[in-house]
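Model the full assembly from the supplied sequences, consistent with the hints where possible.
In case you want the letters, here they are:
Protein chains: 2
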Amino acid sequence: MTACIGIIGAGLIGRAWAIVFARSGMSVCLYDVDASALGQVRDGIRQSLQDLLQADLIEDIEAPLSLIQTENDLAHAMRGVEYVQECGPEDIDAKRRIYSELESVVAIDTVLASSTSGIAASRFTNHLKHPERCLVAHPVNPPYLIPLVEVAPSPDTSEAAVNRTMQLMEQAQQTPILVRKEVQGFILNRLQGALLNEALRLFRDGYVSAEDLDKTVKHGLGLRWSFMGPFETIDLNAPNGVVDYGQRYGPLYRDVDRQRSDDDPWDTATLAALGQERRSQLPSEGLAERQAWRDRRLMALMAHQRHIDTK
Amino acid sequence: MTACIGIIGAGLIGRAWAIVFARSGMSVCLYDVDASALGQVRDGIRQSLQDLLQADLIEDIEAPLSLIQTENDLAHAMRGVEYVQECGPEDIDAKRRIYSELESVVAIDTVLASSTSGIAASRFTNHLKHPERCLVAHPVNPPYLIPLVEVAPSPDTSEAAVNRTMQLMEQAQQTPILVRKEVQGFILNRLQGALLNEALRLFRDGYVSAEDLDKTVKHGLGLRWSFMGPFETIDLNAPNGVVDYGQRYGPLYRDVDRQRSDDDPWDTATLAALGQERRSQLPSEGLAERQAWRDRRLMALMAHQRHIDTK
Numbered sequence: 001m002t003a004c005i006g007i008i009g010a011g012l013i014g015r016a017w018a019i020v021f022a023r024s025g026m027s028v029c030l031y032d033v034d035a036s037a038l039g040q041v042r043d044g045i046r047q048s049l050q051d052l053l054q055a056d057l058i059e060d061i062e063a064p065l066s067l068i069q070t071e072n073d074l075a076h077a078m079r080g081v082e083y084v085q086e087c088g089p090e091d092i093d094a095k096r097r098i099y100s101e102l103e104s105v106v107a108i109d110t111v112l113a114s115s116t117s118g119i120a121a122s123r124f125t126n127h128l129k130h131p132e133r134c135l136v137a138h139p140v141n142p143p144y145l146i147p148l149v150e151v152a153p154s155p156d157t158s159e160a161a162v163n164r165t166m167q168l169m170e171q172a173q174q175t176p177i178l179v180r181k182e183v184q185g186f187i188l189n190r191l192q193g194a195l196l197n198e199a200l201r202l203f204r205d206g207y208v209s210a211e212d213l214d215k216t217v218k219h220g221l222g223l224r225w226s227f228m229g230p231f232e233t234i235d236l237n238a239p240n241g242v243v244d245y246g247q248r249y250g251p252l253y254r255d256v257d258r259q260r261s262d263d264d265p266w267d268t269a270t271l272a273a274l275g276q277e278r279r280s281q282l283p284s285e286g287l288a289e290r291q292a293w294r295d296r297r298l299m300a301l302m303a304h305q306r307h308i309d310t311k
Numbered sequence: 001m002t003a004c005i006g007i008i009g010a011g012l013i014g015r016a017w018a019i020v021f022a023r024s025g026m027s028v029c030l031y032d033v034d035a036s037a038l039g040q041v042r043d044g045i046r047q048s049l050q051d052l053l054q055a056d057l058i059e060d061i062e063a064p065l066s067l068i069q070t071e072n073d074l075a076h077a078m079r080g081v082e083y084v085q086e087c088g089p090e091d092i093d094a095k096r097r098i099y100s101e102l103e104s105v106v107a108i109d110t111v112l113a114s115s116t117s118g119i120a121a122s123r124f125t126n127h128l129k130h131p132e133r134c135l136v137a138h139p140v141n142p143p144y145l146i147p148l149v150e151v152a153p154s155p156d157t158s159e160a161a162v163n164r165t166m167q168l169m170e171q172a173q174q175t176p177i178l179v180r181k182e183v184q185g186f187i188l189n190r191l192q193g194a195l196l197n198e199a200l201r202l203f204r205d206g207y208v209s210a211e212d213l214d215k216t217v218k219h220g221l222g223l224r225w226s227f228m229g230p231f232e233t234i235d236l237n238a239p240n241g242v243v244d245y246g247q248r249y250g251p252l253y254r255d256v257d258r259q260r261s262d263d264d265p266w267d268t269a270t271l272a273a274l275g276q277e278r279r280s281q282l283p284s285e286g287l288a289e290r291q292a293w294r295d296r297r298l299m300a301l302m303a304h305q306r307h308i309d310t311k
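Chains as they are written, first to last, in full-length UniProt numbering: chain W, 1 to 311; chain R, 1 to 311.
Among the hints, erroneous ones may be present.
Covered stretches of chain W, going by a simulated chain R footprint (3 or more residues, C-beta under 8 Å) [stated by the list, open to error]:
# : region
1 : 29 to 36
2 : 138 to 151
3 : 185 to 191
4 : 257 to 268
5 : 272 to 283
Below 20 Å or equal to it, Euclidean Cα-Cα: the simulated SDA-like pairs (lysine to any residue) are [unchecked claim]:
#  : chain 1 : residue 1 : chain 2 : residue 2
6  : R       : Lys129    : R       : Glu101
7  : R       : Lys215    : W       : Leu298
8  : R       : Lys215    : W       : Leu67
9  : R       : Lys215    : W       : Thr175
10 : W       : Lys215    : R       : Leu178
11 : R       : Lys181    : W       : Gly241
12 : R       : Lys181    : W       : Arg204
13 : R       : Lys215    : W       : Glu182
14 : R       : Lys215    : W       : Asn237
15 : R       : Lys181    : W       : Leu252
16 : R       : Lys215    : W       : Met299
17 : R       : Lys215    : W       : Val162
18 : W       : Lys215    : R       : His307
19 : W       : Lys215    : R       : Asp309
20 : W       : Lys181    : R       : Lys215
21 : W       : Lys181    : W       : Asp156
22 : R       : Lys181    : W       : Ala273
23 : R       : Lys215    : W       : Gln171
24 : W       : Lys215    : R       : Pro142
25 : W       : Lys215    : R       : Lys181
26 : W       : Lys215    : R       : Val183
27 : W       : Lys215    : R       : Arg306
28 : W       : Lys215    : R       : His304
29 : W       : Lys215    : R       : Asn237
30 : R       : Lys215    : W       : Val183
31 : R       : Lys181    : R       : Pro155
32 : W       : Lys181    : R       : Glu211
33 : W       : Lys181    : R       : Gln259
34 : W       : Lys181    : R       : Tyr207
35 : W       : Lys215    : R       : Pro155
36 : W       : Lys181    : R       : Ala273
Hint data in this document are derived by calculation from the structure and do not stem from the laboratory.
Treat the numbers as computed from the prediction; the structure is a model and nothing was measured.
Ideal placement from N, C-alpha and C gives every residue a C-beta, glycine not left out.
See the structure below:
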């Protein structure tokens, strides 16, 4: 028997999750408190499925579509559901209310997973009778194109809930990783933040243009990271592996770490200057088209990786 | 008339540069003080060219091979050369000696570019009569697979030398970026260092395994960076572009920045633990084979990107 999945919130992330589960043959019930939000859900999902079909990433549209239902009554929506993916607002009080309501309508062992990109699970589940089945399952947007999911339990979360979530994500062809202890921003956004903080300072202090900084990553640093990650990259970049690498290059990176200033790289003036350079390269009215381009590039990259892996 | 290029040092980087210039039709003279090092140069280059041919990245082996000469007499090697790519040891004193010798055998306007990955140009050229034609042109290894080149002038470098180097790199199908002011580690290694420093701390402090950290990048963060770079990525990740993004997520990244501890992430114990996990995934005797796998994956990725760009 395949899993039955409940999704809370029919915004962009909720709809993307519906595609993830349904394309792997799971039944999905997509709930939103706002009935009008549910009206156009099916059209949006159909369009995304068509894009995936065109990129050779799925074989059929009708089968996954037939597995997705929408519902605006919470108790109806959660009937028989064994895993809930919550995609509510990024607000602790709103989430606490949602989890209280959820607890009253689901079975005692239903896993409740949040898509939050920043809030630790304990902050919106420590008031529940059964916080042990709650955790974070943080996707990258959109999860049907980017497989990584950060599974981040709270101190209360049971091993069973963690294992069930990891298994389910693998069944859904996602790539789950385990965040072993609660930490703000989890792993992905902490790594992104570390690089962005340095990037903004280099841009702000006049060492490099925004365009050249992007080139440094897309034509340099980002190529190996797209199939190896940073630790394997350095492990293969010294004759005797990563310890050898650390002895050679550790002093340089230690200096970079110490030279880092304490000022705020996200100040208004820096953002305005970056915005100005970006808008001179890509006017505001071109953003939507470029986002569609990004998704096509991502789909082509995923198709390329799938082709390579099966060779 | 095509450019005539001199290369100092017939190690891995020097040989890789020879391939870069020769595949674009430029004549290359590869110099090494050690005549025995030159013996196997041609076989190594032929092998790399064969790999590129197999990956559909070049059309012919013999034409580039015929453009590469080797020489162990510096004055002979540098005759008629208009651009020198120096690939000597990463040692300031050694480089200062090399540049003094070079100055005595090349024309007054020959550009002298260093492949150094860490040393600012002023530190090994400020004793010369003509430091204005000296700069750094830092490649990523190997440059015939990864196109980025960091062009980093010293305060003495002339605009003409910078422009000549940028043009030459474009002719050679590389992607040059300009580092506007001297800075340790230039741009690429400062960005890599910022991410690695955070990655090592997350690993050391038990938040994540090394394997899961690599997955976070290769199945998440690194995918978009491989064709967009970090600034364009965030510019497309908020409805109204990068300023909007900064208002939404700046507070999170600012917190990440403030939470960063001052301890050394490259300490012996952390490196040993990372080495242990890496070696349990990939024993030492498998490193060379995995490096060959990495190069095949890189070649396939470059072929994929070329295919996409011409569509």
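Tell me the hint numbers this structure goes against, listed in increasing order. Going through the list in order, the structure violates hints 1, 8, 11, 35 and respects the others.
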